[in-house]
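Modelling step: build the complete structure from the supplied sequences, incorporating the hints.
Those sequence lines, one after another, are chains A and B.
When we follow our numbering, the leftmost residue of the first sequence carries the number 1, and every step to the right adds one.
When we follow our numbering, the leftmost residue of the second sequence carries the number 131, and every step to the right adds one.
Simulated from the structure, these hints should not be mistaken for laboratory data.
Backbone N, C-alpha and C fix where the C-beta goes; we use that ideal spot for every residue, glycine too.
Hints may be right or wrong, so weigh each one.
Distance ranges between label pairs, derived from CB positions [claimed, not checked]: (1) Arg319(B) to Gln37(A): 48 to 54 Å; (2) His118(A) to Leu357(B): 22 to 28 Å; (3) Gly210(B) to Met47(A): 33 to 39 Å.
So, partial list: chain B residues that the calculated Cβ filter (under 7 Å) puts toward chain A [unchecked claim]: (4) Gly147; (5) Thr223; (6) Gly231; (7) Pro285; (8) Phe286; (9) Leu338; (10) Tyr339; (11) His341; (12) Leu345; (13) Ala352.
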Amino acid sequence: MSSDTGQQHPLGLYYRIWVLLFVLSACSYAVDFFNVQGGMRWFLVIMFMLLKAGFIIAIFMHVFWERLALAFTILGPPTVLLMLIVFMAVEGNYISGTRYLYMGHDLNAVALSPSDLHGAEHEEEEEEAH
Amino acid sequence: MSETAVSEIVRHGGIDGLADDWSADKQTYHVPWGKAMMWIFLVSDTFIFTCFLTGYLHVRLTTTEPWPVQSEIFALSFGGGDPIPLILIAIMTFILISSSGTMALAVNFGYQKDKVKTFWLMCATAAFGASFVSMQVFEWSKLILEEGVRPWSNPFGAAQFGSVFFMITGFHGAHVTIGVIYLLWVAFRVKRGVYDDKGYEIVEIAGLYWHFVDLVWVFIFAFFYLL
Chain A
1 MSSDTGQQHP LGLYYRIWVL LFVLSACSYA VDFFNVQGGM RWFLVIMFML LKAGFIIAIF
61 MHVFWERLAL AFTILGPPTV LLMLIVFMAV EGNYISGTRY LYMGHDLNAV ALSPSDLHGA
121 EHEEEEEEAH
Chain B
131 MSETAVSEIV RHGGIDGLAD DWSADKQTYH VPWGKAMMWI FLVSDTFIFT CFLTGYLHVR
191 LTTTEPWPVQ SEIFALSFGG GDPIPLILIA IMTFILISSS GTMALAVNFG YQKDKVKTFW
251 LMCATAAFGA SFVSMQVFEW SKLILEEGVR PWSNPFGAAQ FGSVFFMITG FHGAHVTIGV
311 IYLLWVAFRV KRGVYDDKGY EIVEIAGLYW HFVDLVWVFI FAFFYLL
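Rendered as structure tokens:
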């Protein structure tokens with residue numbers, strides 16, 4: 001733990017965390033693959049994200065074993081950013097609300113996908129073939 | 131106070147250790163200066179990436195155009211089959227996780243003064259990083275050339291999608307590229323035996339940077355690609 005010997009920990013721990021990170025990544029990809037939507041999608045994606053981030057910071061970056069003076073210097077200032085995120089989310093919701101209310105945009109508009117766009121090209125090609 | 135009493139306090143952890151480290155006119159962080167500086171840099175980089183992601187949150191909330199569906203845009207089909215959603219991004223994520231594992235092992239073998247294993251594990255990490263960047267180049271060129279996505283417009287929906295995508299993944303890709311160069315530089319110096327006398331903290335410091343790059347990708351993967 002002291003700076004003389006550096007951060008040395010059993011290799012088995014690293015292997016276990018490595019496997020765990022793979023499993024968590026696979027889980028978050030599965031959320032998209034099985035098309036989970038709505039609140040459940042947000043909950044699962046953010047939970048897997050925070051677990052992955054936590055294990056990387058704590059074990060791979062050794063913050064778990066650092067003295068509190070360094071750990072608080074690392075983790076303290078970024079907590080201020082949570083306030084920025086909350087303020088911007090509240091502000092953004094307000095702006096989008098007023099835009100929908102007063103500027104007459106379609107709330108239910110759906111984005112186009114590549115298949116919508118490239119599908120048209122293929123139809124043209126088929127017509128040319130005929 | 132005797133010498134032994136002082137070292138007792140320094141070894142003391144927890145809240146008492148925190149108070150002791152910050153009190154009096156002496157060194158606060160009991161780590162090599164390079165490691166403390168790398169952490170200060172990483173904290174400042176956290177602010178940069180959080181500002182980018184918060185900016186993304188704000189433009190995505192406020193735009194009245196529909197946001198493009200990421201899992202369709204980043205889908206890829208192999209051998210003419212049905213497109214698999216987000217598959218390239220998933221592979222990139224797994225590559226970066228793999229590189230984090232090899233880097234963690236490199237740090238461990240560095241402290242064991244095993245120069246050969248440290249060198250090769252760092253080279254493996256750099257190779258994973260280089261393959262990540264090349265996949266990103268593929269992804270960018272596909273979006274720019276085939277789909278016509280630009281920082282100011284795209285054919286799918288909200289124009290902000292392009293600007294956010296290029297800025298955030300571009301900044302992250304630049305970090306990965308710099309990381310690959312940094313890792314290779316340190317790896318070859320390890321091999322030459324530059325750190326035999328100085329100690330192998332440098333491998334841990336380079337590792338901190340690399341794990342941070344992986345950490346940022348965890349957040350980009352969740353917020354930009356999945357949500």
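Against the structure, the hints:
1. Arg319(B) to Gln37(A): 48 to 54 Å: Hint holds: Cβ distance 50 Å, inside 48 to 54 Å.
2. His118(A) to Leu357(B): 22 to 28 Å: Taking Cβ atoms as reference, His118(A) and Leu357(B) lie about 25 Å apart, which means the hint holds.
3. Gly210(B) to Met47(A): 33 to 39 Å: Given a distance of about 36 Å, which is inside 33 to 39 Å, the answer is holds.
4. Gly147: This interface hint holds because 6 Å falls under the 7 Å limit.
5. Thr223: Since chain A brings a Cβ to about 5 Å from Thr223(B), closer than 7 Å, the hint holds.
6. Gly231: 4 Å, holds
7. Pro285: 5 Å, holds
8. Phe286: Constraint on Phe286(B) satisfied, holds at 5 Å.
9. Leu338: 6 Å, holds
10. Tyr339: 10 Å, violated
11. His341: Nearest chain A Cβ about 5 Å off; hint holds.
12. Leu345: 5 Å, holds
13. Ala352: 4 Å, holds
Hint violations for this structure: number 10 only, all remaining hints satisfied.
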